[in-house]
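Put the two chains together into one complex, using the hints given.
Chains as they are written, first to last, in the numbering used here: chain A, 1 to 339; chain B, 1 to 336.
Hints were generated in silico from the structure; no laboratory data involved. Warning: the hint list may mix true and false statements.
[To be verified] Subject to a maximum C-alpha distance of 25 Å in a straight line, what follows is the list of computed BS3-like cross-link-like pairs (lysine-lysine): (1) A:100 / A:81; (2) B:168 / A:93; (3) B:100 / A:282; (4) A:100 / B:100; (5) B:100 / A:170; (6) B:260 / A:93; (7) A:169 / B:100; (8) A:170 / B:251.
[To be verified] Stretch-level coverage of chain B by chain A, calculated; a stretch enters the list once three of its residues show a Cβ under 8 Å from a Cβ in chain A: (9) 130–136; (10) 284–297.
In this text the structure is predicted, and so the values were computed from the model without any measurement. Positions of the beta carbon are idealized from the N, C-alpha and C atoms, including for glycine.
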Amino acid sequence: MKKARINIEVVKNDSELWDTAIKRSNQGTVFHTWKWLRCVEKQTRAKLYPLVAYAGEEILCTLPIFVRRKGLNFVYSPPPKALLIYMGIVFLKEFSNLRKFESAFNEFLLNLNDFLDSNFGSCFVRIRSSPLLRDIRPLMWVGYSVTPHYTFRINLQNDLERIWSGFDKKVRNNIRKTEKDGCYIELGSWDELNILREMLAERFIAQGIKPNKDYYRDYLLGLFKEFYPENMKIFAAKVDGETIGGFVGLTFKDRFLLWIGIPRVELKGIYPNDLAIWEGIKWAKEKGYKHFEIMDAGDDARLSRYKSQFNPEPEIWFSSVKLTGFLRILNAPLRKILR
Amino acid sequence: MSFDLVIVKEDEKDLWKEIVARSLHTHLFHTWEWLKLAEKYTGFKLYPILILKGEEPIGIYPVFFKKKKIFKLAFSPPPYTGMSYLGPAVVGYESLKEIKKLDYLHNIVKMADNFIFSELKVSYFLSSLSPKLIDVRPYKWLGYEINTAFHYIMDISSADEVWKNMKKSARENIKKGIKKGYSFEVKGYEDVDFIYQVLKERYTAQGRRVGMKLEYLKNVCKKLNNNIKIFICKKGDICLTGIVALCFRNKISFWIGGAKTNDTYSNDFLHWKAIEWASKNGFKYYEEFGAGTERLARFKSKFNPELVVCFSVKKCKPHMKLAESIYRVGRNYLKI
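Just chain B, with the same shape it has in the complex (with noise of 0.2 Å):
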């Protein structure tokens, strides 16, 4: 049987929800509201790829596209838009035979690829994968670059276990923050605009700029209300430190925010409220973004998570390998 491609209409987003909802390598990011409101904000046209195997369809792949100046474009997910990972999705991979799982994944990238490069005539493609989604050799096959990264994933069925087995320091921490007389609040859309605060706050203080949009900020927690969460720490009427969670099937996914504060506790007792709130709520795993940078990485593992490891690759044509490295120079070393 054939694999065809084609491309899901506005008026088709029913299905692509279906698949979202069948697909254990999807997140929350894969939202046809999210993807809509990445597409407004980022000025990238979005191609909501769906891969057909016959009249089934086996997977989806949301690819952005941009032509700047002489340079094609894609991305999965586009930057500045927080996502932390995108790709392809296959519907019911794991209950697949190994068999079936490359070979429908093999094609689903495939085909991608022949309409990234021959049809949309990109010259640079970069898509981070889920890190449900472990297999990259349909990539090393057609040639990607593959860079390894990582997160984190905690069990939180049990609050109590977690306690146990954090970080002497941040139990401390979080004891003190008990003491000084910090609250915790869940908060609705509306407050994101501190945290956002605060976090710009911090990123200029290091020379650094946020890349993603307020407006796009405020508008995801307002669209995809029901899956996102706000907490808040707060000592009497002052609010210290915030951060954005994702909640998405069983798991409850750190975002944004929880940038470093004037004191060492309200992080850390944030988190752990955080956490004690989803476990409380039913929420099976906690999960941080980004675990490959070593300082941040320590900072992370205080409270004894499980590694997990994702990938994401890169195809690109030569000029564009030049262009990407003197971009590089350029941020790394002169800050342009």
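Here chain A stands alone, though its shape is the one from the complex (with noise of 0.2 Å):
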């Protein structure tokens, strides 16, 4: 059977086609919707191209890139600066064996070589692709540098008895004292997201890092804006009153995201981010998703080791990094820098 020619376009304003074929693929995640990508776009001011590849009439895959020219073009999915972790291809093709997808996605992304190579002439090409994205060996093909990244998972089909008892003997004390002590967890509004922001901010400048000016919040506020309630819930720990910690989630087809918060808190014997994480879980599961994301189990070792303790399964995903046209000299002396 011939193979279908694969054609890459980029979506100017159909935001209707890009969301619906984001919710009809089993890896579009709510980072890849329209509205988000939007946001990311004024954050970071970083040109976003919204590409589909089309075989034949059928939409084989869409990847949204970001690109900032300064000297350098750079090409991001997604861009940094947006507090985001992953982006990267969503397929919606399903494939019968691996020897079909491999094949797709090969003549895909050569497809993209050559986008790039007439739309920005030689540049830096980051893709971060999310764990549901699990062959990435055609990336490697095509000269891509891959380097295994991890998030952790909590399986919300486990009944709840079972999730609680997986959870580090400290962590259920933790949990049990904090409630007895008052602290209570509320679904909480932009108030209580923009405290969970500042306190970000303060911990930053604790660690002797500047954060970024306002820290995130005209970004911040207008993904407020566009996700919540619908798709945005914040989890805020409160104390009579007074918001202590907490996180951010995100909804998404059958996923729950803990996305940002669990500022650290120097209250002592409290523990209003066990508190908030272990209610996350339960209301997530009692509205039926299916898993509990909560995001980056990556390089901080102390933060990863928190993350632990609530037992969850780390996932991979991979980031994928390569220099086109006369750069590609420099992908070999400096592929241990560019991860």
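Right, dumping it as structure tokens:
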């Protein structure tokens, strides 16, 4: 059978076409949705190119890329400074076996190369795929260097008792004690989100890191306006009406994402974030979500250890990087630095 | 409770065997017998590292060490042994909670790293990990470079299902093999010579050399006779092709052999017959090593396997990075 030719197009303003595709694919995340991409574009000032690849008449996959021109062209999915760890390629077409998938993926990547080459010339490309894209070999075969990263997932299809008993004993005691000491969880709104944002910024300052101006205020407000309350839930841990911890959760299809928050709390004997996570899990399970993802189990050993106490499974996702055009000669010597 | 590192001695090999049996990260390569043969034939010194938490063994890490001129090198597994992976193995990993998994693995890796770089004063360490060990964060935290590799695995509980799902052209090749009167034989370790010779010829034709010594291969097959099967495809009295398979727990792994032959059918026929034999003999999984290279991955995927990701980790001193780059250039471009 002859292979259908792959054609890459930039979606102009057809948000409906885009969102329908993202919702249809089992690899699409909330970060891929049209409104989210537009908020990221505004925040990062990197130009968005929502790419759709067609195999004949049918959509094979989508890839939102963000391009920043700073002397060199930088092509990202997702761009830095958008509080996102992954985004990347979303396949719509289902494949009955690995061979067919690889062949289509490979064909798409060759076309993507041509697209990048003719539109941006030599550039730095970084695609960070979601954990739902498991076979990343075609990226390696066309010259990307890949690095594994991790996120955490709790299977909400297990019963609540099992999830609870899976927690580390210390966390279980922390939750009981925190509740006893009068801390409670409320589904908050912008005020609570803004407090969490300020707490995160203060935490950076305490660590000697200067956060960017207003620490994502406008970006988060933009996202809040678009996604709250349908896809965004603020789990605020409070004592006497005052927010002392919590997190921002995102819902999309069968996944609940613990996205940002859980700022370090320096209160002796009280663990508002532990309680917020547990209440978040209970809430997500009750609403029928299948997975509770605690995002980013990455390079920070202390934070990874903290998240591990909730007994999640680490899930791999990959960051793929390459230099194109005349920069190609630097791929080998800079391989390690560019990941 | 504190963690301790000890080196397992010959008279403590039963303890090693017990740990190998209790960890899902182990393969036949981790067995004491195989490790000792690798030590004998490579000239590397084996350090069978055992990590204890208090009195309790929590994991092992077999490390091979050699001083080569000014370089001190360590590997797990060592080169030219055909051991597809080795690395650490944690006891009872699957039943641990995530926090303990991370804690045990982190301590095993940290203590082995300290032993390798501070006591052995190694300047280059490379370790290929079990596909069951996908969490390489402890290595990242210790500054290792991570490389991603792939293997294939296939559920062979039902041979009929495998037959149904394989590529049409492979099915046709197998049928043609049957029609041509090919036969399938399960042989003893004595027949490994034939597989080695075919492999050597194939490598020579490609301008490469087989790094593994025949003597070593024969001894591995002899010593681990109960876990190794030799499958041969014949036409009449003539051997066409063969494979050496490793049997460990409920998995059979296609190890070496199956080199390209003059006819198109014999290897597909042999693989299929080996799968059929394994399925009949109670094996649940069929493993194929190395699915990361495009050409080989396509060839090996004809039986419709699933992909398994695995990692190799590397840490070296700056001068070794330079030496490694020179070695790669020499090997790839100058063929030295």
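Can you give the numbers of the hints that this structure goes against, from lowest to highest? 1, 4, 6 and 8
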